[in-house]
Amino acid sequence: MDNLVTIENVRKVYKRDAFEVPVLNGISIGVERGEFLALMGPSGSGKTTLLNLIAGIDRPTSGRIVVDGKEISRFSETELATWRARHIGFIFQMYNLIPVLTAMENVELPLLLTKFSKKQRRERARVALDVVGLGDRISHFPRQLSGGQEQRVAIARAIVTDPSILVADEPTGDLDAKNAEETLELLRRLNEEFDKTIVMVTHDPKAAQRAKRTLHLEKGLLAESSSPAEAVV
Amino acid sequence: MKFGTLIVRNIFRNKLRALMTLMLLAAIFFLVATLLAINSAFERNDTGGTGDRLVTQSAFSLANMLPFAYEEKIRHVPGVVDTAKTQWIGGYYKDTKNNVALMAIDPNKVESVFPDYKVPPAELAAFVADRTGAIVSDQLAKRWGWKIGDRITIKRQIFPFDPQLTVRAIHHHPVQKSAIWLQMPYFQESIGNFGRSDMIWMKVAKTDDMPRISQEIDALFKNSNDPTETYTEKEFTRQFVSMMGNVKLLFMSVSICSIAMIVLLAAITMSMSARERVTEVAVLKAIGFQPRLILTLMLTEFASLTLLGGLIGIGGAVMFYRSVDAGAATQGLLENFHIDPQTVAICIVLAALVGIIAGGLPSIRASRLTVVDGLRRVV
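The listed protein sequences derive, respectively, from chains A and B.
According to this note's numbering, numbering within the first sequence proceeds without interruption in unit steps and concludes at 319.
According to this note's numbering, numbering within the second sequence proceeds without interruption in unit steps and concludes at 382.
Hints in this document: simulated from the structure, not taken from any laboratory.
Where hints are given, some of them may not hold.
Stated by the list, open to error - Straight-line distance between alpha carbons at most 25 Å, and here's what the computed SDA-like set of lysine to any residue pairs gives: (1) B:LYS121 <-> B:HIS175; (2) B:LYS5 <-> A:ASP222; (3) A:LYS201 <-> B:PHE6; (4) B:LYS112 <-> B:LYS5; (5) A:LYS204 <-> B:GLN293; (6) A:LYS156 <-> B:ASP141; (7) A:LYS205 <-> B:LYS18; (8) A:LYS204 <-> B:GLY7; (9) B:LYS5 <-> A:VAL186; (10) A:LYS101 <-> B:SER370; (11) A:LYS201 <-> B:THR299; (12) A:LYS204 <-> B:LEU296; (13) A:LYS101 <-> B:THR282; (14) B:LYS18 <-> A:LEU187; (15) A:LYS201 <-> B:LEU298; (16) B:LYS5 <-> A:LYS101; (17) A:LYS156 <-> B:PRO294; (18) A:LYS201 <-> B:ARG12; (19) A:LYS205 <-> B:LEU9.
Stated by the list, open to error - If you want the ones that stay clear, here's a sample from chain B, every Cβ over 12 Å from chain A, calculated: (20) SER43; (21) ALA44; (22) THR53; (23) ASP109; (24) SER115; (25) PHE162; (26) GLY195; (27) GLU236; (28) ARG280; (29) SER307; (30) VAL327.
Don't be surprised by glycine CBs; every beta carbon is placed ideally from N, CA and C.
I would like the entire structure built from these sequences, with the hints used as guidance.
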């Protein structure tokens, strides 16, 4: 088994004033290279926290997280930021595009941290927008796009640096059925045609059905693992 | 430069707020540039003159006049090239708002002791030949349309007479733009031949000798009824400027208060702007922007905003004072007034500093924000 992500006995405890709130209680999982994994569970089960830990935007209280052979749980903030820029593509529920930038400029944003020339950046951004089917919307600002289009621009931004892993937090949570379907289809294509490893948090069993594997979390623990067919139930 | 688009778009993200902030900054920096330039104008007066002149006055007060006989004794002090006794008269033209710097001088001493009052030789000769003649400044001549041969009356201010003068010459002094010279004999006659004047100016051969000459002159009259104090022209002018010390302090205080006010107002605007972008900052950090880069981008944005506002205000002040006769508006107090390059440079630095200081805290907060907290926060 070729695990791209290995999580070993990870605990995460948040401090809220004088209280300690345990969110993850010793989770161990592996994510294979090229896998499309869905994380499901009720609110507060720790699925977003687990996603954040895999993406390197949060640190575990204890345990190890190894991504592509590197133990990111030991990285400093600066090392993590550099690592994220190379290896992680983010897709958020609320799209989180920069409203003052056009679709092209939003997609180009992660490339500003690279040594690519402006021409190279523009070319790559255009290719990414073509992949998500928005090659004709490059000059549009987010307010001029529909919710579905905004999410596709966000997906283009996530893939433009050709990252190892795409992490998606409720990517269809703010979309209507049609746009949700298009977004999920796009993620499936990225997984199957472009061999992207995807970890997706979702409440929606239909969305989870698109994943190759679904993990259920409950109260910070792994409850069960299921195939797509079982997840619909 | 690759972040230029992001910075510029963020500056004008809320156009109305950006416009209001720029207008406020422009107004404040117009005021600050004006006040600093006034102070600078006062300072510039310190350096007026030729640098090779000394002036002797009463040790008690400028109001105490010195006997004419002192001039002859001073002329014989080694190192003194020539002397000229003068008297400040003052006055105004037609209206009390129109102050002029009226002074009496022995007519044949203008060229030898005050060559910086550049006067065409023919006009100077005409002045020397006419007991009621006057040398007026080019700026006053322009302001009131005086021409050679015109009769003018200057109204009294200190002495009980209203000089009736004929414009015989026009001087072109780089600083003294409201000065009028009249003849000492005419003044003396008019006030009853006092035989005294308030100042005796002298030109020296070597500027290195000035301290010695000053000491020797004052030693000459130390035990007389009219002891003297002798200064360089620069020190003498500084006395007048120092009399305005409180005015300068007031101007500086208003400038500092204005800057402090704009720092606070800018800080509020920038905090609002940073607060609105918490989620965006979190997204930028998530995709790999380092905290230091976030800090740099935000500080650059805020400093650019204040710099732009400052430049509008400073540029406006420069153009305004080019088109307005500040000398006429201030009764001659601010002759030749303009916003000098030094003031422009100071204001530009201040404008950038306002942005950095006001935007510092919100920028630091944004750069320290964790991605998880930023994404979770609902603005």
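We went through each hint and held it up to the structure:
1. B:LYS121 <-> B:HIS175: Cα-Cα ~5 Å, so holds.
2. B:LYS5 <-> A:ASP222: holds (24 Å)
3. A:LYS201 <-> B:PHE6: Between A:LYS201 and B:PHE6 the Cα gap is close to 13 Å, so the pair holds against 25 Å.
4. B:LYS112 <-> B:LYS5: Not OK: B:LYS112 and B:LYS5 at ~67 Å, beyond 25 Å, violated.
5. A:LYS204 <-> B:GLN293: holds (21 Å)
6. A:LYS156 <-> B:ASP141: violated (82 Å)
7. A:LYS205 <-> B:LYS18: Between A:LYS205 and B:LYS18 the Cα gap is close to 30 Å, so the pair fails against 25 Å, i.e. violated.
8. A:LYS204 <-> B:GLY7: holds (12 Å)
9. B:LYS5 <-> A:VAL186: Holds, at about 15 Å.
10. A:LYS101 <-> B:SER370: holds (21 Å)
11. A:LYS201 <-> B:THR299: Status holds; Cα separation ~19 Å.
12. A:LYS204 <-> B:LEU296: Roughly 19 Å separates the two Cα atoms, so the pair holds.
13. A:LYS101 <-> B:THR282: Roughly 21 Å between the alpha carbons, so the hint for A:LYS101 and B:THR282 holds.
14. B:LYS18 <-> A:LEU187: holds (15 Å)
15. A:LYS201 <-> B:LEU298: holds (21 Å)
16. B:LYS5 <-> A:LYS101: violated (39 Å)
17. A:LYS156 <-> B:PRO294: holds (22 Å)
18. A:LYS201 <-> B:ARG12: holds (23 Å)
19. A:LYS205 <-> B:LEU9: holds (17 Å)
20. SER43: With a cut-off of 12 Å, B:SER43 remains clear of chain A, as the shortest Cβ separation is near 40 Å.
21. ALA44: holds (44 Å)
22. THR53: holds (59 Å)
23. ASP109: The claim holds: B:ASP109 sits with its nearest Cβ about 73 Å from chain A, beyond 12 Å.
24. SER115: Holds: least Cβ distance 70 Å, greater than 12 Å.
25. PHE162: The claim stands: B:PHE162 keeps its Cβ more than 12 Å from every Cβ of chain A (closest is about 70 Å).
26. GLY195: holds (80 Å)
27. GLU236: Consistent with the label, B:GLU236 stays out of reach of chain A, its closest Cβ about 59 Å off (over 12 Å).
28. ARG280: Contrary to the label, B:ARG280 does not stay out of reach of chain A, its closest Cβ about 9 Å off (not over 12 Å).
29. SER307: Consistent with the label, B:SER307 stays out of reach of chain A, its closest Cβ about 15 Å off (over 12 Å).
30. VAL327: holds (40 Å)
The earlier numbered hints that this structure contradicts are 4, 6, 7, 16 and 28.
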